[in-house]
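Chemist: Given only the sequences and the hints, what does the whole structure look like? Please build it.
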Amino acid sequence: MPGKRSLIVGIQADETRRYIVPLFQRPYVWAEEDHWEPLWQDILRKSSDALAGEIGRPHFLGAVVLNQLHTQALQISASEIIDGQQRLCTLQLFLAAFRDVVRSSSQPRLLTQLEHLTKNETLSDDSTEDYKVWPTHADQQVFTEVMSLESLQDLEERFPRKANGNAKQRPRIVEGYLFFHDRITEYCTNEEGNIAVERLLSLLTALQHLLQLVVIDLEHSDDPQIIFETLNARGVPLLPSDLIRNFVLQQARDRGESMEHLYESWWQDFDTKPAEDAKGEDDYFWKRLQRQGRLNRPRLDLFFHHFIQFQRQRDTNITQLFQEFRDWWERGSYPRVEEGLREIRQYAGAFERFLVPTGNDRTSVFLRRLLILDTSTLYPLLLKILGPDCRGMSDELVEGILVDLESYIIRRMICRLPAKNYNNFFTSLLQEVNRKGVSRGVVRERLLSSVEDTGRWPDNHEFEKAWVDNQVYGWIRRDRASMVLEAIESALYTSLQEKSGIDQPVTIEHIMPREWLQHWPLPAEPNAVVDQTGETVEARRNRLIHTFGNLTLLTQPLNSSVSNGPYEQKRRKIMQESTLRLNGYLHDHERWDEDAILHRGRHLFRNASALWPHPGFPNVSP
Numbered sequence: 129m130p131g132k133r134s135l136i137v138g139i140q141a142d143e144t145r146r147y148i149v150p151l152f153q154r155p156y157v158w159a160e161e162d163h164w165e166p167l168w169q170d171i172l173r174k175s176s177d178a179l180a181g182e183i184g185r186p187h188f189l190g191a192v193v194l195n196q197l198h199t200q201a202l203q204i205s206a207s208e209i210i211d212g213q214q215r216l217c218t219l220q221l222f223l224a225a226f227r228d229v230v231r232s233s234s235q236p237r238l239l240t241q242l243e244h245l246t247k248n249e250t251l252s253d254d255s256t257e258d259y260k261v262w263p264t265h266a267d268q269q270v271f272t273e274v275m276s277l278e279s280l281q282d283l284e285e286r287f288p289r290k291a292n293g294n295a296k297q298r299p300r301i302v303e304g305y306l307f308f309h310d311r312i313t314e315y316c317t318n319e320e321g322n323i324a325v326e327r328l329l330s331l332l333t334a335l336q337h338l339l340q341l342v343v344i345d346l347e348h349s350d351d352p353q354i355i356f357e358t359l360n361a362r363g364v365p366l367l368p369s370d371l372i373r374n375f376v377l378q379q380a381r382d383r384g385e386s387m388e389h390l391y392e393s394w395w396q397d398f399d400t401k402p403a404e405d406a407k408g409e410d411d412y413f414w415k416r417l418q419r420q421g422r423l424n425r426p427r428l429d430l431f432f433h434h435f436i437q438f439q440r441q442r443d444t445n446i447t448q449l450f451q452e453f454r455d456w457w458e459r460g461s462y463p464r465v466e467e468g469l470r471e472i473r474q475y476a477g478a479f480e481r482f483l484v485p486t487g488n489d490r491t492s493v494f495l496r497r498l499l500i501l502d503t504s505t506l507y508p509l510l511l512k513i514l515g516p517d518c519r520g521m522s523d524e525l526v527e528g529i530l531v532d533l534e535s536y537i538i539r540r541m542i543c544r545l546p547a548k549n550y551n552n553f554f555t556s557l558l559q560e561v562n563r564k565g566v567s568r569g570v571v572r573e574r575l576l577s578s579v580e581d582t583g584r585w586p587d588n589h590e591f592e593k594a595w596v597d598n599q600v601y602g603w604i605r606r607d608r609a610s611m612v613l614e615a616i617e618s619a620l621y622t623s624l625q626e627k628s629g630i631d632q633p634v635t636i637e638h639i640m641p642r643e644w645l646q647h648w649p650l651p652a653e654p655n656a657v658v659d660q661t662g663e664t665v666e667a668r669r670n671r672l673i674h675t676f677g678n679l680t681l682l683t684q685p686l687n688s689s690v691s692n693g694p695y696e697q698k699r700r701k702i703m704q705e706s707t708l709r710l711n712g713y714l715h716d717h718e719r720w721d722e723d724a725i726l727h728r729g730r731h732l733f734r735n736a737s738a739l740w741p742h743p744g745f746p747n748v749s750p
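Numbers in our numbering are just positions in the sequence shown, counted from 1, shifted up by 128.
Bear in mind the hints are in silico, worked out from the structure with no lab data behind them. Nothing here was measured: the structure is a model prediction, and the numbers come from that model. It cannot be assumed that every hint is accurate.
Heads up, simulated DSSO-like pairs for lysine-lysine below, C-alpha to C-alpha not over 27 Å straight-line [stated by the list, open to error]: (1) K548 x K564; (2) K548 x K512; (3) K564 x K512; (4) K593 x K548; (5) K401 x K512.
Modeler: Here it is, written out as structure tokens:
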């Protein structure tokens, strides 16, 4: 490690200095189990040693890497925290909590010492110089309130534990302060319920003499960004999107552009935008975990992963996301960093809609279905079709392309064709539309180009056979099968009917139940062979009951009430209680057997083939 090292034993009360977290670093992330509690145990152990008069070796809290900043005449000396911001912020929270416990104990000299540890004496008009540690932009408001409110009561009034009768998550910085305030109060309160002065003094002794940090001051020739990335494995690992932010804003500083302006204009939203159904003050949209395949990843990481694939028009490994981004950026054509950030924000706006589609237009319906299908390999292509590049395209053209893409994916899913080649397939489609232009003809040409199982678009003959004969329940994820049935339910309304839609949770129900033995007799001996395939009567039934022809949608209470009863009873109950047109089919069918299942399967297929058409066949009216 470059730079000059110095060993700091304890926390020096007489040092007037600022430690500034660079704007591009992530917000405060430490938490109780992994960070606050272990730190408290370290402090508690050394305080107990001091209380017992056993002054041993100081305890090592870790290292801090600093980069000296240039300051003006009246400004306080300042250093940029390259590594260790979480640790230094946490120590300030501890000291603020300690200070406020002491404030209630009538120990003015001890309070003065702790105030020197949490506040600078300054001649500057800049109030931010009062704070020894100045956090990154997203944390500054909360941090200043915690450090200045001066009492537990004031803090709890400002950040109540409950809101509107519901538990409310507080910011991490507030929770950290409260954690240490509780622990210090508990440790320093004697059996009579009073604050024990000797314990307060033992805590101060531990802080000043028995805890140590190694401080590494970088020299002029050291590269702070390289060192920052090297140290990333320590503490809470940085996300790829954190590294991207750091890199881009560092680039801005190197080019003489204002980091503060760029952060506030183009990046701050990534750090502070509340989630769509935020459950607390630090529940942020872009930090939310989103499922992609078998893993959950932060939304912002997913955006950059798909954005880089869109930009580079090739598949990329998300585990190498930062390296891929840096390579793309360094080969880019942005004269100014602001131009690159502006473009990133434009595409991020499109990507937000992919994650939380609203409305009932065809694009929003497609995006909601795509989330259920979990086919995120389409996102780079969609950044092209639905992003700023194609903002002037007609709704008719966009919707036509999306219908074809949805048809391609759903037909392949129902025909049990593999999705393992989708990355390569949709990347080649992106390359095609970039080369030839965005049109339905170009997209269709590529979708129709393959005859192999890994890429073909099933025609109506293959689609109908799979729809009518293939088991769906147990083979396709239930939410996907339900989505298909809900799509057909919506399509069953004509232009003369009101579409109320499905506005409550529904579940898949087998019309002929899986437990059919008691009330649903077989038409022949179980082992009798049905046809030349050798399938028996019982095997045929056990297959057909899981096909679309035997599946419908019901609310959970209605589903439970009809259960495995005989058809007459089940049909009557569904007719009385269900308002779905999907179930209106039963009105004209007093008998339910294998032939009825096949007949309904073909009936539903006519709707499915119209919803998800294939260009080789005319649409069939429902």
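Chemist: Would the hint linking K548 and K564 be met if the CA-CA limit is 27 Å?
Modeler: Holds, at about 26 Å.
Chemist: Taking 27 Å as the top limit, are the C-alpha atoms of K548 and K512 close enough?
Modeler: holds, 22 Å
Chemist: Between K593 and K548, does the CA-CA distance stay at or below 27 Å?
Modeler: holds, 23 Å
Chemist: Between the alpha carbons of K564 and K512, is the straight-line distance 27 Å or under?
Modeler: At roughly 13 Å apart (the allowed maximum being 27 Å), K512 and K564 satisfy the hint.
Chemist: Measure nothing beyond the straight line between the CA atoms of K401 and K512; if it is 27 Å or shorter, mark the hint as holding.
Modeler: holds, 24 Å
The structure fails none of the hints (numbered hints given earlier).
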